[in-house]
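Using the hints provided, position chains B and P relative to the given structure of chain W.
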Amino acid sequence: MSNEIILNEDEKDCLQELMNIAYGSATAAITEILDAFATLSIPRIEVIKTKNLKNHLSKEVNLNSTHFVCMQQINGPIAGENLFVIDNNSAKNIAIKFGLEEDEITEIELCDIILEITNILSSSTISKLAEDMKAMVSFSPPDVKILDNINKLDNQFIEKYQNVIIISTRLKFEDLDIDGQLMILTTDKSITYIKKTINKILNEI
Amino acid sequence: MPIKKFEFICNTVDNGVIILDEDLNVHFWNSWLESRTNIKSEEIISKKLTEFFFDINENTLKRKIKASLALNSSTFYHTGINKYLLNIELNKVANKVFENMQQAITITPYDKNKRLVFLYIYDNTLLCETNYELEKTKNSLEDSLEEINLLLNTTLEAIFLFEDDKCTNANDIALELFNYSKKNEVINKEIYEFIDTKSLEKISKIKNKPIEIKMSRKDSSTFPALIKIKDTKLKNKRFKILTVMDLSELKRKDKLLVEQTKMAALGEMIGNIAHQWRQPLSTITTAASGLKMHKELEILTEDIFVESIDAITRNSKHLSQTIDDFRDFLKIDKKRVSFNIKDNIQRNISILEGALKNQSIQLVLDCDDNCIIKNYPNELTQAFLNIINNAKDAFIDKNVDLTKRFILINIYTKNNNLIIKIKDNAKGIDPTIIDKIFEPYFTTKHKDVGTGLGLYMTHQLIEISMNGRIEVCNESFNYKDINMYGACFKLTLPLD
Amino acid sequence: MNILVADDSKMARKIAIKTIKETLSENLQANIIEVNNGEEALATYQKENIDVVFLDLTMPIMDGFEALQKIKEYDKDAKVIVVSADIQKTSMDKVREFGAIDFVKKPINIEKMNQIIQKIL
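Chains as they are written, first to last, in our numbering: chain W, 794 to 998; chain B, -6 to 489; chain P, 186 to 306.
So here's chain W without its partners, still in its complex pose:
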């Protein structure tokens, strides 16, 4: 997992900070809707080769229990995919927070809610990130899958690209027992753009 060639320490640090700020607004948006308090965690930046992606993901996500995986495509100079992973239990708790009754919570309802959350997270996080990087992005409607096996993640995206930058953060509502992970996967071309923009920002400091 060498990332010195792709992103150096300073670039990583800068990206991390930008993500921190962007994610801060996103979380605020969600917590306003959910009327709850989230614990923000420090975003993690990793650069890995796409062929190792599945392996990496299977380690990140403990698939012993069923998880919802929601994917949304990002289009623009920063292009790639947003992955929001959340376990069944946390999803249920979000649903309850959304005002659903226990008996109203079906798989379909949960999927819908996860899609919404992902949409909200994406829009705020990436929009903010893009804004700071002076890029215009648009999103495709997200798609959700229920996973109990990492091999079911049939991601054709993976074959096309060499490297992936993974920016991951946690969405944690301690008292509500909600814990999810947001991963932003960016592609080769975007990596170049991101580097350029980050360096511009760094030079202005």
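Treat each hint with caution, since some may be false.
Claimed, not checked - Quick list of the computed label-pair ranges, beta carbon to beta carbon:
#, chain 1, residue 1, chain 2, residue 2, range
1, B, T123, W, K989, 40 to 48 Å
2, W, T859, B, L138, 22 to 30 Å
3, B, I(-4), W, S933, 51 to 59 Å
4, W, S933, P, D236, 48 to 56 Å
5, B, E36, W, E997, 51 to 59 Å
6, W, K988, B, E128, 39 to 47 Å
7, P, D236, W, D941, 54 to 62 Å
Claimed, not checked - Pulled from the structure, derived: some chain B residues nowhere near chain W, Cβ distances all over 10 Å:
#, residue
8, L64
9, N65
10, T68
11, V86
12, E183
As the list claims (entries may be wrong) - In silico DSBU-like cross-links for lysine-lysine, where the CA-CA straight-line distance does not exceed 30 Å:
#, chain 1, residue 1, chain 2, residue 2
13, W, K921, P, K203
14, W, K890, B, K85
15, W, K890, B, K76
16, P, K264, W, K927
17, W, K993, P, K199
18, B, K57, W, K927
Because the hints were derived from the structure by calculation, they are not lab data.
Every residue gets a Cβ at the ideal spot worked out from N, C-alpha and C, and that includes glycine.
Leaving out everything else, chains B and P in the frame of chain W:
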């Protein structure tokens, strides 16, 4: 954008366009919606959407609108999950899958201050129908696949599939039969790897007909099998399908029956030997005890002595000859030898002499003295004996008049072949079964008595071992002015 | 004057320091100390004579909330300004409750920095 253009776009685009506020009041309703819902713009403007569409979940819609305004970006209703927002019945008649229009909805923030959003409605019915068909096809394919798998794995035969000469698939029975534990152990093997190395050349003879051949298991042990190979071409690939049926069990049973038949034949022969020996032994005993008696009574003359000893010697020689005959008979011919046909037949007849006399069967032989044939003498003997024995059994079964039991043997050469005709007058073979008598396991006798292999083996001996032909038919013939009717066996053997 | 900047991100610290320096006029000289986690922030405050603290919330080892509490415990008159990306209302309320002078949304800019410096002086 000038109102005219805006109106034009909104009313000609192929989607529903609504402007809503966060209390779900309608501010704009385009023509697409008018025609599909039959609700005019004037009717619905300033009214709540839910007054016209009762099944909309208010909370959800309000929440999505609030989110889009707060985030200043689009939110969605997803087709897969929420089938539709506005309940619009479909007018389809033929090929209707869904009752209502399947919709995808996008909610885009328009005016944050006035709390207005744009709602776009896309008719996704066609996509959903296609997905539905796909799902149906997928399911039926899965069912078919399961069925085929079931079929393939419950047959008696092992089935192997070869693509371009490499094995790509095998059914469960194949793996079991050849002692492989996992399918990937046979993948990429070539056909010859499953065949006993000693039998490999037989493969070249196979041409869409099943052949008997020895197959080789994973541990190189072999077993007899009946196999068939089908060659076929599909989309530029050469396919071979190998089906294998294990004959081990059948062969074992076969062997047993053959043994039994041999035992039966042997039994008969021993009976014949016993019969042959009775007379000479009796003569020897009589001569010996006669000698003793004469000596004790002191009336032993030179002549009586010589006569008695001669009788003993003569008969002992005869006994010895009989043993030699039978010993030769039991030997399996390894090579073809030249032998005199009359000698062979006469020897055979002498073996049967006793049994035939017992049943009052008269045997007439008409044969050339100097006819030499190059073949397997013992095989001919076995075949001959079997035919005669069958005739004998027929006489008994059909209760033929004791004075009229005849077997005529006519031997001559024709066209470099030796013809042996054996006719009896045991009333012939039932025409309905005459075609089957050479088949293995076919017998008219009770199953404890007949193995059904006698004539089959005779057939194999004549046609395969001796390279000849055997035919049977019912014939009537004349002998000594008596009309006879019975079976006629015709053996045709090459002279060399 | 001694200013303590606590943030785990090097870039954030750099931005903060640059903004501070640009806001302060030539008259006011300031000595700026950087730390990258809450524990060090507390230790440095206790060791040195710090006038103002610019504190991030999301830090490893000890986060901003805890550091704020502990610094205030140590010195009830400590002047702490929270600079964070965590702009949840609850966070902002908590922070004021613990005794921070102000809460600033990241990234901090010159105008806001000006306001703050005015407040302090």
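Checked hints:
{"no.": "1", "hint": "B:T123 to W:K989: 40 to 48 Å", "verdict": "holds, 42 Å"}
{"no.": "2", "hint": "W:T859 to B:L138: 22 to 30 Å", "verdict": "holds, 27 Å"}
{"no.": "3", "hint": "B:I(-4) to W:S933: 51 to 59 Å", "verdict": "violated, 31 Å"}
{"no.": "4", "hint": "W:S933 to P:D236: 48 to 56 Å", "verdict": "holds, 51 Å"}
{"no.": "5", "hint": "B:E36 to W:E997: 51 to 59 Å", "verdict": "holds, 57 Å"}
{"no.": "6", "hint": "W:K988 to B:E128: 39 to 47 Å", "verdict": "holds, 44 Å"}
{"no.": "7", "hint": "P:D236 to W:D941: 54 to 62 Å", "verdict": "holds, 56 Å"}
{"no.": "8", "hint": "L64", "verdict": "violated, 5 Å"}
{"no.": "9", "hint": "N65", "verdict": "violated, 8 Å"}
{"no.": "10", "hint": "T68", "verdict": "violated, 6 Å"}
{"no.": "11", "hint": "V86", "verdict": "holds, 29 Å"}
{"no.": "12", "hint": "E183", "verdict": "holds, 32 Å"}
{"no.": "13", "hint": "W:K921 to P:K203", "verdict": "holds, 23 Å"}
{"no.": "14", "hint": "W:K890 to B:K85", "verdict": "violated, 41 Å"}
{"no.": "15", "hint": "W:K890 to B:K76", "verdict": "holds, 24 Å"}
{"no.": "16", "hint": "P:K264 to W:K927", "verdict": "violated, 35 Å"}
{"no.": "17", "hint": "W:K993 to P:K199", "verdict": "holds, 15 Å"}
{"no.": "18", "hint": "B:K57 to W:K927", "verdict": "holds, 27 Å"}
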